[in-house]
Amino acid sequence: MSQHPILVSGGGLGGLAAAIALAERGFEVTVLEKAAEFTEIGYGIQMAPNATRILKKYGLWETVAPTAVFPEAMVFLDAIDTQEWARVNFNAAFAARFKHPYIVIHRRDLLGAWLAACEAHPRVTLLTSKGLQAIDDRGSHVEVQCEDGSRFSGRCLIGADGLLSPTREYVVNDGEPRVTGFLAYRGVIPITQVQDHAYDKCVIGWFGHNTHLVQYALRAGDVLNNVAVFGSPAFARGETQFGTPEEMEAMFAPASPQVRGMLEHISRDRNWMMRDREPVKNWTRGNVTLLGDAAHPTLQYLAQGACMAFEDAVVLAQRLAATPGEPNRAFLAYQEARYLRTARIQLTARAFGNVLHAGGVARELRNSIYRGRAPDSFFHEIDWIYRGIAETEI
Numbered sequence: 064m065s066q067h068p069i070l071v072s073g074g075g076l077g078g079l080a081a082a083i084a085l086a087e088r089g090f091e092v093t094v095l096e097k098a099a100e101f102t103e104i105g106y107g108i109q110m111a112p113n114a115t116r117i118l119k120k121y122g123l124w125e126t127v128a129p130t131a132v133f134p135e136a137m138v139f140l141d142a143i144d145t146q147e148w149a150r151v152n153f154n155a156a157f158a159a160r161f162k163h164p165y166i167v168i169h170r171r172d173l174l175g176a177w178l179a180a181c182e183a184h185p186r187v188t189l190l191t192s193k194g195l196q197a198i199d200d201r202g203s204h205v206e207v208q209c210e211d212g213s214r215f216s217g218r219c220l221i222g223a224d225g226l227l228s229p230t231r232e233y234v235v236n237d238g239e240p241r242v243t244g245f246l247a248y249r250g251v252i253p254i255t256q257v258q259d260h261a262y263d264k265c266v267i268g269w270f271g272h273n274t275h276l277v278q279y280a281l282r283a284g285d286v287l288n289n290v291a292v293f294g295s296p297a298f299a300r301g302e303t304q305f306g307t308p309e310e311m312e313a314m315f316a317p318a319s320p321q322v323r324g325m326l327e328h329i330s331r332d333r334n335w336m337m338r339d340r341e342p343v344k345n346w347t348r349g350n351v352t353l354l355g356d357a358a359h360p361t362l363q364y365l366a367q368g369a370c371m372a373f374e375d376a377v378v379l380a381q382r383l384a385a386t387p388g389e390p391n392r393a394f395l396a397y398q399e400a401r402y403l404r405t406a407r408i409q410l411t412a413r414a415f416g417n418v419l420h421a422g423g424v425a426r427e428l429r430n431s432i433y434r435g436r437a438p439d440s441f442f443h444e445i446d447w448i449y450r451g452i453a454e455t456e457i
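For the sequence shown, the working numbering begins at 64 and goes up steadily by one.
Everything labelled a hint here was simulated from the structure, so no lab data went into it.
Every residue, glycine too, gets a C-beta built ideally from N, C-alpha and C.
Be aware that one or more of the hints could be misleading.
Here are the computed lysine-lysine pairs in the DSS-like style, where the Cα-Cα straight-line distance is at most 25 Å [stated by the list, open to error]:
#, residue 1, residue 2
1, K162, K264
2, K162, K120
3, K264, K119
4, K119, K162
Using C-beta positions, here's what the derived DEER-type ranges look like [what the hints assert, rightly or not]:
#, residue 1, residue 2, range
5, F415, A197, 30 to 40 Å
6, R392, S330, 42 to 52 Å
7, A156, Q258, 30 to 40 Å
8, A183, I104, 16 to 26 Å
9, R407, I457, 12 to 22 Å
10, N417, G202, 39 to 49 Å
11, A197, K264, 44 to 54 Å
With the sequences and hints as input, model every part of the structure.
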């Protein structure tokens, strides 16, 4: 077996999960992070049962649970008439079916749990300010050069370096991500500043034509996470100035006063463009492979981006443990096990975004169809997502 460690490019949620999954299988791992510190951008993140079972597997649950919020339901509301059109209860029936809980948590708290596990693990080395610049696959091992000129050798390389992955450029070389024209503004406020507490214990979304506002509590219920998303008409017209706070306000103008008032919870100083990529079947080139957003970036509408990265990490570690001396063979087996599931997530997220952002008659049709359904009737539709990977992979 090679004496070289496994190199992981990227120290976000997927990269650190991969490091722990591989280290637990007996591999030495070196994580190369581009930034000067390990950190997450953004505020809240949702973890469905297919991900919380993985947190439990690697002993992170006791670290995560104290700051996590365990919502009672996910509620879909019409931004214009403010009425519910769908609800998924996280009740006893949900627990019996999916075995593990649904939580929401601050991204920094979640990353901090993985980071602490990596720092405590004797087979994980963490390095910062090591952005990937060049890859040289020598067959017997992979050599990489970082932006600061430093070089590292590994038995193989895993690119967990996100949507704009330099490793993907080496492996797939399919250009820039697909830009949707939808942008997000975010904000977190103390829960004491919230006037309406009707949905304090829920993950809620207010959906209008090409707009939505998602809200849920974080930090053990002390703060409220707010995300406002809208499709930019200025972007669609090809204008260079788009996605401004003023455009956000204009897009939310048809919403009820209740929803418009909640935009006060949104910070105006930065926005994020929603982007993804077309699914691809091959994520591997020689002894280099991709993981998480580098392999299959998805839109946020199923809240499965990080969950898929965690699943990737588990499956990849299992396949490498099966053929430790043949990383290319392991990588091909890993992508074969993963590409259809992750492609289904990517394409379903796009389609679900269209349902959520429906306007006109389509909005009325959606509301009339879904409002007649019992909350537990949605379980079978999310079953394929929330049950996660097979027990044999775990």
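Cross-check of the supplied hints:
no.	hint	in the structure
1	K162 <-> K264	20 Å, holds
2	K162 <-> K120	13 Å, holds
3	K264 <-> K119	23 Å, holds
4	K119 <-> K162	12 Å, holds
5	F415 <-> A197: 30 to 40 Å	39 Å, holds
6	R392 <-> S330: 42 to 52 Å	48 Å, holds
7	A156 <-> Q258: 30 to 40 Å	32 Å, holds
8	A183 <-> I104: 16 to 26 Å	25 Å, holds
9	R407 <-> I457: 12 to 22 Å	20 Å, holds
10	N417 <-> G202: 39 to 49 Å	46 Å, holds
11	A197 <-> K264: 44 to 54 Å	50 Å, holds
Consistency with the previously given hints is maintained throughout, with no hint failing.
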